[in-house]
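Model the full assembly from the supplied sequences, consistent with the hints where possible.
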Amino acid sequence: MGKTKELSKDVRDKIVDLHKAGMGYKTIGKQLGEKETTVGAIIGKWKKHKMTINRPQSGAPRKISPRGVSMIMRKVRDQPRTTREELVNDLKAAGTTVTKKTIGNTLRRNGLKSCSARKVPLLKKAHVQARLKFANEHLNDSEKAWEKHRIRENHRPSPPGVELTLALVMRDVAAESIDSSITLN
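In numbering that gives the first Met the number 0, the protein residues as written are 0 to 184.
In short, the hints are calculated from the structure, not lab data. All C-beta atoms, glycine included, are put in the ideal place defined by N, C-alpha and C. Worth double-checking, as some hints may not be accurate.
Result set (DMTMM-like, lysine to aspartate or glutamate): computed pairs, CA atoms no more than 20 Å apart in a straight line [claimed, not checked]:
| # | residue 1 | residue 2 |
| --- | --- | --- |
| 1 | Lys46 | Asp12 |
| 2 | Lys25 | Asp9 |
| 3 | Lys46 | Glu5 |
| 4 | Lys44 | Asp12 |
| 5 | Lys46 | Glu84 |
| 6 | Lys112 | Glu84 |
| 7 | Lys123 | Asp140 |
| 8 | Lys47 | Glu35 |
| 9 | Lys29 | Asp9 |
| 10 | Lys25 | Glu35 |
| 11 | Lys62 | Asp77 |
| 12 | Lys74 | Glu85 |
| 13 | Lys62 | Glu85 |
| 14 | Lys29 | Asp16 |
| 15 | Lys49 | Glu84 |
| 16 | Lys44 | Glu5 |
| 17 | Lys62 | Asp89 |
| 18 | Lys47 | Asp16 |
| 19 | Lys19 | Asp9 |
| 20 | Lys44 | Asp77 |
| 21 | Lys19 | Glu33 |
| 22 | Lys124 | Glu136 |
| 23 | Lys46 | Glu85 |
| 24 | Lys13 | Glu35 |
| 25 | Lys100 | Glu84 |
| 26 | Lys8 | Glu35 |
| 27 | Lys112 | Glu85 |
| 28 | Lys34 | Asp12 |
| 29 | Lys62 | Glu84 |
| 30 | Lys99 | Glu84 |
What follows is a list of derived Cβ distance ranges for each label pair [claimed, not checked]:
| # | residue 1 | residue 2 | range |
| --- | --- | --- | --- |
| 31 | Lys91 | Lys46 | 19 to 27 Å |
| 32 | Glu84 | Ala129 | 43 to 51 Å |
| 33 | Gln78 | Ala144 | 39 to 47 Å |
| 34 | Thr95 | Ile52 | 30 to 38 Å |
| 35 | Glu85 | Pro60 | 18 to 26 Å |
| 36 | Lys4 | Gln78 | 36 to 44 Å |
| 37 | Ala59 | Asp89 | 20 to 28 Å |
| 38 | Leu121 | Asn88 | 24 to 32 Å |
| 39 | Pro65 | Gln128 | 44 to 52 Å |
See the structure below:
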């Protein structure tokens, strides 16, 4: 529900005067054409602060408007690797100057963590190509071949790709060594 128009100072003072005269909230509301809850809120404020005018809000207003916040959230949702610096530049282009700290606070307030974006992907192109080549070479290996080269670490099976890589390296080392009695489990 949106905010309604504020009552003038005269109406507020009149509500307080009628209350001091002994009238009830409902009677005052009917007489002045206001809701009972409005009358109660004004009288409550008068009892607590001994004044009927609105007090200033505590704290500074938000630097980023709700529209700016939704823009930030949309960009981060669509591009998770977006940096805070990029978001600062986007807001500056929209006419709002903020710091990276403000962007981080806004993200946290909306349920996201403001982490530093990873500078490079985990796998470089060369690593991806090497993995694809390895996978294509061993695509038709039988289950028996995989079991033959299985290596157990701490009595726990490792992922099949790691085991085969280790098994092939160990097989090459074993073939080159003088003692050919090394067997792989």
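Open item on the list: Let me make sure I understand: some of the numbered hints might not hold for this structure. Which ones are they, in numerical order?
Closed with: 5, 7, 11, 15, 20, 23, 31, 32
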